[in-house]
Structure formats: C-alpha cells, structure tokens
Amino acid sequence: MTTASRFLSAGVLMVWGVVLAYFCLSGRIIAYLHPAFHVYTAISAGVLLLLAVVLLLTVGGESAVSKGVSLWKQVFASLILVGPLLAATGISPSEFGAAAVENRGLVEHISDLPAFTVPTEPALPTADGSIGPETPIDAASYLKRTETGKIKAETVDLLYAAAEPTMREDFENKDVELIGQFLPMRSGNPTGDRFNLVRMFVMCCAADARPVAVAVQTGDGATFPDMTWVKISGRATFPIESGRRSALIVADSIQEIDAPPETFIY
Amino acid sequence: MEGAWFTFRIEDFSYAFLSVLLEGVPFILLGTLLSGVIDQFLPARWMTRFLPRNPFLAVCVSGLMGLIFPMCECGIVPVIRRLIAKGLPVSCGVTYMLAAPIVNPLVIVSTLAAFRGQAALEMTFLRLGLAFFVAVIVGLAVHNLPIATVMKRRVLESMALSPETSGGSLRPLGQRLVAALQTGVRDFLDVMVYFVCGVAVASVFSTAINQEMILPLALNNWLAVSSMMLLAGLLALCSTSDAFIAATFVAFPGVAKLAFLVFGPMMDLKLIFIYSSIFTNRFVLGLAVGLFVLIGLLCVRLAVLGL
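Residue numbers (our numbering), protein chains in the order written: chain B, 2 to 267; chain F, 776 to 1082.
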C-alpha cells in the first residue's frame, strides 16, 4: 500500500464530503431530496471528511485501503468517482425540463397518486357508547387564504377535490391562488386556450418525483417558456370531461414568478 | 400516444443522477462502516453459531434476518461480503442480500401506506412472502454451486489472505478502530465505483424514456408483468419508496405491480454493477435472468388471486 494511493483515497473522500456539505450548507439539497433525508446527507458529509482526515493522519502506517489494487486502477476508479459528481454538480439546473416531466407522465387524477384519505378527526363515542363515524375536519381549519381572501391551494389539493365530494365543496367555484410550472397542453386542448400547471410530488428524491398537473384555462391562451414558474389566480371548477371529473382553473390572471424556495410538494 | 420514446437531455440526466447519489451515499456509507466493524470486531464463525446446521433451515432463517437487521439494497453488498469472510455460508449471504431489502419493517410500513385503498394488506403480505420465497429458492440453488462460480476470485483471495478474518482481537482497540475505518473506506470506494456507474445508466433511462409507452402492455398479464419488472430494473428505485411509484401504475394488474416490487429491490441496473464488485459476471447474469423468469412465472400464476 503506497502513500500515493492513500492520498488518492483521502482526496476522493474529501471531494465527496465537500460536495455533500456544499449541497447541505447552500440549501441546494432542498431541490434534490425529501426533507427526511437531508440529515443523513449532512451526517455523511461530516463522516466522509472525518474519514479523509483519519486516512491522512495514518499515512505511513499499515493500511487496508486499496490492498491488492494497482495505483493506475485506483487513479481510474478515482476519476470515475470524482469526475461525474463534479460535472453533474456544475451542469444540473436543480429541476427537470419539460421533456423529462412529460416522459414521466403527468398525474392528472388523484387515483394516479395513491395513499390519500380525506382529513378526518378521531371518532367520538356516541350516546349509547359505540364509536361514531369519523368526521371530516372543518375546511376552515386547514385552508389558508391570501390577504384578498382567495384560497391558497396546491395542484394536488385540486386533484383531491376533484375525486372527493366533501373536499370539492371547499373549492368548487371559489377563488383560488396557486403556483406551479407552465407546461403546454399537448392533447385535449382543441381550442388552444389551456395549459398544464405542474408541481413535482416527491417521496424520496427528485429521481422518483411525479409531476402533478392541473389544467388552466385562459381567455387569450397564455404562452411562457416551458417550465416557467407562474402564479395563477382564478376560479376552481370541476367539470366532467371524457367521462371523468377533472380539476380546471379558469384563470383571471397569470403572473411569472421566481421559483419558490421549496419547489417540491410532499 | 405522443412524443418521442427517447429524449435525452444532459441537464435532466445530471439532476436525476445527483439526486440518487445524494440519497444513496448515506446508506452505502453506513453499510461499509458496518462492514469495517464486522471485519475487525466480529469473531470468525460467530454467525454460524446462531444459524441452524441444516442448510435449508439456515437459508430460511437468513431470509428473515432483515426483520431484525434491516438493510437497503445499496448498502448490503459490503456487509454480506464481510459476513461471508467471517464464515457465513455464501448461500445464506445471498439469501439475506436478496430478502433483506424487502423483508424488513420499513418496507412493510411503506407498502401498506402506498397501497392504501388498493388491497394494501394483501399486496404487502404477497410482496414479503414472494420475496422470501424467491430469496430462499435462490439461496438453495447457490448452496449447490461451487463457491468459485459465485464469488470473484480476487474477493475470495482477499478473504483467504486477510489476517483480520480472525477478528484481530489481539491488537489494541485504537488500532482495530483505525483498521475498521480503513476497511470501511476500502469497501466504500469499491462499491461506489459500481454505484456511480449503475446510477448513471439508470438516470438515462429514468429521464429519457417516455414511460407512457409501456401503458398498452397493461392489457396482457404476461406483457404487464415483464414490462413492469423491466421498468423496475431500469428505474433502480430505493425499496423503501418504490411502492409509492408502483401504486401509481393504476392501469396495470396487481400482479404486475407485485413483480415490480419484488424484482426491483433484488435486481436493477445499479445493483448489477454493485453485485459485480463481489460476484462473478456469470453469476450476476444468471441471477438476473433467473430472478426475472422465476418472479415473472410466479406473478403470472398469482393472477388467479384476482389482485
């Protein structure tokens, strides 16, 4: 085991530790992982840097690192480990483009996004002591509103509302405001006055993100570059189209905005 | 159906690639550090004392070890490499490697949650049962194979030559701790090379292939099961979250989703690379084909349950 290969291993660990620490400290990690995973990445950054230091401090002693592996093989392996990581860190825009979003298939009905139940309160005993049915939570307790009284909604809320009559009552024909990314509607848009508003729904990381889309109808057919962040104000409607009830926002105003700090929905 | 079936953009690829690396590194690091600890502190043959002497029972017990020692598929390879070096039979190691990413408490909870309203109990029970059954079948098959056809020669040589296989218990604690870290680092760098390559290939497929192209295959059980296993292999998802993705393929029959949930954590693009770090290429290829055929056949037969 040569000193050179030990320095090489320490260098690789150092690069990985620094890159992971950079993602955590810069906040860029928000665009990549579900919050539940952030702490693991942060801990890994620290552990990798610590391991690099331990390797460097024990240079000269007996080592198990890279035992039996030639230096050239180790140089090649180090390039594989470091090159793509640094290149991807430089290239990645921290969000998907329209092509990748469309390749994943838009989630336009809540049945395509399972694990949903209507928010309910725990059942209370009835007069005869039996357990009564669970009651839906009062919408006022969980719906947030803007200063002008519009309901602040997410794309996923409207998909839920389209499928659940009790939730639909909370949104139908009400003024709503929501943000998302502009994506032209490639089909089901004969009059050309609709587009999709998309948010990425994430379970673990961006690689498993599903694009949740709500149709938006405009008077004049809005156009923005694909995946531009926009804020929509309008009326929530739930027409039955092609035999299924869908969410459709009839927009009053569409405004381009900066990407929010938290681009995912969970 | 609209759009091209393949649209590659380097930006999308980089984004998906980085997100899987950031998610996977902590689990690989945990696995490799654990492998260092096993290497230095676990006495040789300690594992075999707790396993039944009967090979069939030993393989069965190994298939359930994930319930007590849960590991994800990314971090498990360095762990079993060290356990095998400590005397765990290869058949038991392979069984644990295949079963533990599925037969563990976290996956039980996530599958139940993801399939809420879609026969969650049945799906969870079938997922665990089928994974255990398949892992045991593979373990018993490996039991009858010469070890040289399963493990890479250089891995076997490093096990045979390693002075640490005795546990290194005669050295001072500080030295053993440093040696454990060094062993962990070696395993980490070994596995990460394969992981990076596997994630790169999987990221091309997860961003560039139009996943709606497979929807017409949902109408036939054979095609649905095969295409969902193929998709699981290409997407290379984590076993703790794959149920949430599988559940969204509402057009596909339940048995196709079951095939996705059992095949994916056992064999995908990144795992092919990671397995290649310790197993012979021939064994990895045979394992991939065998799992595809076995899980496919079993899932198609399970269609009678009407999932």
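Simulated from the structure, these hints should not be mistaken for lab results.
Where is the CB? At the ideal position from N, CA and C, for every residue including glycine.
Hints should not be assumed to be uniformly reliable.
Unchecked claim - Under 10 Å between C-beta atoms, here's a sample of chain B residues computed to sit facing chain F:
1. Ser27
2. Ile30
3. Leu56
4. Thr59
5. Ala78
6. Val102
7. Asp176
8. Ser247
Handout entry: chain F contact restraint for B:Ile30 - C-beta distance below 10 Å
Key = Hint holds; B:Ile30 Cβ to chain F Cβ min 7 Å, cut 10 Å.
Handout entry: Hint validity - B:Ser27 Cβ closer than 10 Å to any chain F Cβ
Key = Because about 13 Å separates B:Ser27 from the closest Cβ in chain F, which is outside the 10 Å limit, the hint is violated.
Exercise for the section: With chain F as the partner, please determine if B:Asp176 meets the hint condition of a C-beta pair closer than 10 Å. Expected result: violated, 31 Å
Practice task
For the hint on B:Ser247, just tell me whether its beta-carbon gets within less than 10 Å of chain F.
Solution key: At 15 Å from the nearest chain F Cβ, B:Ser247 fails the 10 Å test, so the hint is violated.
Exercise for the section: Grab the minimum C-beta distance from B:Ala78 to chain F and call the hint holds if it beats 10 Å, violated otherwise. Expected result: holds, 5 Å
Practice task
Please verify that hint: B:Thr59, Cβ, nearest Cβ of chain F, below 10 Å or not.
Solution key: Holds - the Cβ of B:Thr59 comes within 10 Å of chain F, reaching about 6 Å at its closest.
Exercise for the section: Please verify that hint: B:Leu56, Cβ, nearest Cβ of chain F, below 10 Å or not. Expected result: holds, 6 Å
Exercise for the section: Using Cβ atoms only, decide whether B:Val102 comes closer than 10 Å to chain F, and label the hint accordingly. Expected result: It holds, given that the least Cβ distance between B:Val102 and chain F is near 9 Å, below 10 Å.
Hints 1, 7, 8 from the list above are not met by this structure, while the remaining hints are.
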